[in-house]
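A.B. asks: For the sequence shown, the working numbering gives the first residue as 3, with consecutive numbering after it.
Hints listed in this document are in silico derivations from the structure and should not be mistaken for laboratory results. Backbone N, C-alpha and C define an ideal beta-carbon position, used for all residues, glycine too. Treat the hints with care, as some may be off.
Across the chosen pairs, the derived CB separations fall in these ranges [to be verified]:
no., residue 1, residue 2, range
1, S21, P54, 17 to 23 Å
2, A116, S43, 28 to 34 Å
3, D280, L230, 22 to 28 Å
4, L230, A24, 24 to 30 Å
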Amino acid sequence: ALVAELSAHGLPARFVPLSAFASPSLGDSDATLVIFSQRLSPNARLALRASPRFASTIVCTTVDDATLRERGGAGLEVVTRRLPDLNEPPTLVRVLGPPCATLDALRLAAQLLALAGVPPRFDDDAISAAVTALDDRADDIAAQCAAALADYGDDEVVFVTVGGYDAWVRGIRCTWQEGLLVARPPIYDALAFAHGPLQQLYPRRAAIIALGCDGDDPRVLERLRATLAPQHRFVELRSHLAAPLSVLEHDAMVGWLVHAALQRAPRDLFQWPGKGADGPLYKLGELRDDSDGSAQA
3 ALVAELSAHG LPARFVPLSA FASPSLGDSD ATLVIFSQRL SPNARLALRA SPRFASTIVC
63 TTVDDATLRE RGGAGLEVVT RRLPDLNEPP TLVRVLGPPC ATLDALRLAA QLLALAGVPP
123 RFDDDAISAA VTALDDRADD IAAQCAAALA DYGDDEVVFV TVGGYDAWVR GIRCTWQEGL
183 LVARPPIYDA LAFAHGPLQQ LYPRRAAIIA LGCDGDDPRV LERLRATLAP QHRFVELRSH
243 LAAPLSVLEH DAMVGWLVHA ALQRAPRDLF QWPGKGADGP LYKLGELRDD SDGSAQA
């Protein structure tokens, strides 16, 4: 959400996967490094240790300053933005942390835009109003999502959006994958859906989940719906909020969709296939740089 909002206003911003920080050469003395990590995972520490190679570093996390300094090494200088510590249970899928991070990313985007002299599309008051509106609609959202998946089986799932909105909502695919242990759904622009995705899905059962926002043209999604076959299910999740604040509502909606699917096919969220087998990748950040640039345990 942070990169999408800054880029939409012409500010240079890009997402860098954590594996890129395994290289000691990654850095930019003119850029600000922004790290989001709920508990400052081992691999997030790869990025944290790269902070001296950037002009400044902002860390959005739940950990306290003492822990941050301990994990970041001597001489660490960062600006900390404290995320709420919601004591999330140790499941593979995260339900509370991602929306909190998104909320802070939107706030940070508005602040950075203001500092750059670019009028942001929203401010803290607008964000607070959006969160309040979501709270008021929570029961309706849950009921809508439960009804949408009343007979969900093994349907292939794809998401569609309008007007480049996919850049703000790519993270919700992780919620779907980690919650249901299925392939991460693709996300398509509604018009691009006609060139490949429609033909691929046409012979098969599929659920097409459309993420609409207040203010976009609903006729685009209506036309997409008209292309579908009888074995396709069209689910429109229309936010009452305009983009990009609509990402907060869509995050909640997809969370409820996953909840509804789990109600129909329950499983133990605390035990998942391959639990613990991810150690060699997940703990890459526990390596430390040697003086010659190599890494050792």
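A.B. asks: Does the Cβ-Cβ separation between L230 and A24 fall within 24 to 30 Å?
C.D. replies: violated (43 Å)
A.B. asks: Does the Cβ distance between S21 and P54 fall inside 17 to 23 Å?
C.D. replies: holds (20 Å)
A.B. asks: Could one say that the CB atoms of A116 and S43 fall in the range 28 to 34 Å?
C.D. replies: holds (30 Å)
A.B. asks: Measuring from beta carbon to beta carbon, are D280 and L230 in 22 to 28 Å?
C.D. replies: violated (37 Å)
When the structure is compared with the earlier hints, violations turn up for hints 3, 4 and for no others.
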